[in-house]
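First to last, the sequence lines map onto chains A and B.
Sequential numbering of the first sequence, starting at 435, is according to this note's numbering.
Sequential numbering of the second sequence, starting at 447, is according to this note's numbering.
One should not assume that every hint holds.
Dumping the calculated DSBU-like pairs for lysine-lysine here, alpha-carbon to alpha-carbon at most 30 Å [unchecked claim]: (1) Lys588/B <-> Lys456/B; (2) Lys588/B <-> Lys470/A; (3) Lys485/A <-> Lys575/A; (4) Lys588/B <-> Lys485/A; (5) Lys456/B <-> Lys485/A; (6) Lys456/B <-> Lys470/A; (7) Lys449/A <-> Lys588/B; (8) Lys440/A <-> Lys485/A; (9) Lys540/B <-> Lys550/B.
Quick caveat, the hints were computed from the structure, so don't treat them as lab data.
Quick caveat: nothing in here was measured; it's all calculated off a predicted structure.
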Amino acid sequence: MATDSKPAPGFDASKVAEIHQHLHSHLPSESALRVKALETLLVDKGLVNPKTIDAWIEAYTEEIGPRRGAMVVAKAWCDPEYKARLLRDAPSAIDELGFLGKATAHLKVVENTDEVHNLVVCTLCSCYPFSILGIAPPWYKAAAYRSRAVRDPRGVLAEFGLDLDVDIEVHVWDSTAELRYLVLPQRPEGTEDMSEEELAGLVTRNSMIGTDRDLGENIEADG
Amino acid sequence: MDGIHDLGGKEGYGPIEVDEDESPFHEDWEGREWGIAQCARTPGITIDWWRHCRELIMPGDYLGRPYFDSWAQTDFSIYAEAGYFSEEEISAGKSPSKKTDYGKPAVAMTLKQVLQEDHDHAVRFDGEIETPPVFAVGQQVKTSRHGNSGHTRLPQYARDRTGTVHAYHGAHVFPDLSAQGVEIHQHCYSIMFEAAKLWPEAKWSQDKVYLDLFETYLAEV
Chain A
435 MATDSKPAPG
445 FDASKVAEIH
455 QHLHSHLPSE
465 SALRVKALET
475 LLVDKGLVNP
485 KTIDAWIEAY
495 TEEIGPRRGA
505 MVVAKAWCDP
515 EYKARLLRDA
525 PSAIDELGFL
535 GKATAHLKVV
545 ENTDEVHNLV
555 VCTLCSCYPF
565 SILGIAPPWY
575 KAAAYRSRAV
585 RDPRGVLAEF
595 GLDLDVDIEV
605 HVWDSTAELR
615 YLVLPQRPEG
625 TEDMSEEELA
635 GLVTRNSMIG
645 TDRDLGENIE
655 ADG
Chain B
447 MDGIHDLGGK
457 EGYGPIEVDE
467 DESPFHEDWE
477 GREWGIAQCA
487 RTPGITIDWW
497 RHCRELIMPG
507 DYLGRPYFDS
517 WAQTDFSIYA
527 EAGYFSEEEI
537 SAGKSPSKKT
547 DYGKPAVAMT
557 LKQVLQEDHD
567 HAVRFDGEIE
577 TPPVFAVGQQ
587 VKTSRHGNSG
597 HTRLPQYARD
607 RTGTVHAYHG
617 AHVFPDLSAQ
627 GVEIHQHCYS
637 IMFEAAKLWP
647 EAKWSQDKVY
657 LDLFETYLAE
667 V
């Protein structure tokens, strides 16, 4: 084999189905050992550098996470012009804060109002706006949420402790293409004197997915 | 493909396991897999081919194994299908000879470099095409009755249903062909469906479900 030629995918789905059967029988059952085997093979072949893996873990543990989304929301609450830009062209608006990145080039922001509550799901896989919300929570990627969010959104919300008034319409956004969605929650009452940074502290990850709504509860919790 | 991954509206999966722990990774190996998936770059691969390889995981494994475990299995299948890994290597969990066959080994990247790469990896999927969009915002459309037996992004629950064009997104890479390595663009729309038209128990509901659908999934009413 020539040193610089790399194999390419054959896009052969039947072959992949056979490979999965082989993997089912031949990979160790413990997830940690499977991932270790994958990393060992990739490093052996020079395809991946373990230090780069470390750096990606650090990036999504220390730097990139829902705090970014919360800062976007707080800025939108404080600055009506920023909010208008965010609703019109979210990728540019989040890039003003340096948050454009993985899976957010086609971001759409959907705004909660007194009449509408938004909820985001990916029924076909687990699409998520990584560069502003970080790693998706386990429940977002699980079959229970993916199956029920489109069919029983109010039942799902109730399990998150949110009993939505019947007069409020639920709009569910199923990310079936490369668009990604961020919910803009409502600014709680009684927060007029709070700074943008304090406001960001009220914004929960779940409120930006839509499984949380009433952020005023967090003010009382903070005393 | 009418696979196990197409979960929207399926019943029997029970209550949501609401987890208060917001740490990104709950086990070390989950972080390792996340990192592997970010830095492994197979030439010629598309995101849709990767998604299709995940959909092809055996149903029991797809539902029963942890989430990032399914990413690892998808990566294994991608590399094996392309010819990077042999079955023997997979079974052994290591490469028999540590010789690098594929050019220079991957270099170590720093935190600063991967953060820059994350920013640079804001991949756009839209492009110019010559034909104008067939449907207009506000127009009623009907979705196809059947899916594509390969990769497709029209879920079963929204097939053979009438909806309204809510927005036009431009022409985006068409996933059904991208999963076969062919990149063409096709008009993509946000389609609004009344929950009442999707679910028998939602007859009186005012709720709505929005999906982003490609033009060839749609027909005029």
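Hints and how they fare:
The hinted pair formed by Lys588/B and Lys456/B meets the criterion: a straight-line CA distance of about 21 Å does not exceed 30 Å. For the given pair, Lys588/B sits about 47 Å from Lys470/A by alpha-carbon distance, which is inconsistent with the 30 Å threshold. Annotation: proposed proximity of Lys485/A to Lys575/A holds, straight-line Cα distance about 27 Å (limit 30 Å). Between the alpha carbons of Lys588/B and Lys485/A the distance comes to roughly 50 Å, so the proposed pair goes past 30 Å and is violated.
Restraint check for Lys456/B and Lys485/A: the C-alpha separation of about 41 Å exceeds 30 Å, so the hint is violated. Of the pairs offered as hints, the one joining Lys456/B and Lys470/A is violated, with about 34 Å between alpha carbons and a cut-off of 30 Å exceeded. A distance of roughly 34 Å separates the Cα atoms of Lys449/A and Lys588/B; the hinted pair therefore is violated under the 30 Å criterion. As the CA atoms of Lys440/A and Lys485/A are separated by approximately 22 Å, the hinted pair is consistent with the 30 Å bound.
Restraint check for Lys540/B and Lys550/B: the C-alpha separation of about 19 Å stays at or below 30 Å, so the hint holds.
Of the numbered hints given earlier, the model fails hints 2, 4, 5, 6 and 7; all others are met.
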